[in-house]
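**Q** Each chain, written out:
Protein chains: 2
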Amino acid sequence: MCGLDAALRVVGGKWKPLILFFLGDGPKRYGALKRCVRGVSDKMLIQQLKELEAHHIVLRTDHQEIPPRVDYALTPFGESLVGALRPLCMWGEANTETIAEALDETGKA
Amino acid sequence: MCGLDAALRVVGGKWKPLILFFLGDGPKRYGALKRCVRGVSDKMLIQQLKELEAHHIVLRTDHQEIPPRVDYALTPFGESLVGALRPLCMWGEANTETIAEALDETGKA
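Chains as they are written, first to last, in the numbering used here: chain A, 10 to 118; chain E, 10 to 118.
No false leads were mixed into what you were given.
Any copy will do: because identical chains look the same in the list, a pair fits if it lies in one copy or spans two.
In silico EDC-like links for lysine to aspartate or glutamate, alpha-carbon gap of 20 Å or less:
hint	residue 1	residue 2
1	Lys59	Asp113
2	Lys43	Asp14
3	Lys37	Glu88
4	Lys59	Glu114
5	Lys59	Glu110
Keep in mind that the hints were calculated from the coordinates and are not lab data.
Bound conformation, chain A alone (with noise of 0.2 Å):
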């Protein structure tokens, strides 16, 4: 397995990189993360929650508290593949524009 199709396996697909972007920030609960990944479907969200805690990406962990409290967080190997996908996040920052452009010729802005 190259390194990058290594990486993609567990990084892979549309959200996921999103969700570890908004880990990145700290730990957050159910609700707070979909409210920052925008169009996530509470079943794609749960499913690629799940991919990632089975594949040591993320932690879930239940506070055992009245009212329930359950949040998700990076591991110390989630916290350096985020730390892989920042300059890509730092190269889509500085070429927002070229790529919307770019997109919007493609109708698919």
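Fit chain E to the supplied structure of chain A, relying on the hints for placement.
**A** For chain E alone, kept in the frame of chain A given last:
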């Protein structure tokens, strides 16, 4: 559009990062690229290349020769994107075993 969201609009999905990664070594003809990106179908590779071309990330050049010679190369914009993907590639390389174990556990190897 946040930076990562913007970047994922043009490089999201399973195949584009791999296509860009292999074009990072230099221009390639279609057949060579198909052999590099294992498992991709002709239909998918053609579609992804068309999108990458429309987004000014890849340049398709028909060298107007007999027999025909057509190749695909990164534009400067594409090269800057591949640069931003490299850390993710290095992260994957550094963590290939951990990833393989995690994928084994979830039967997704």
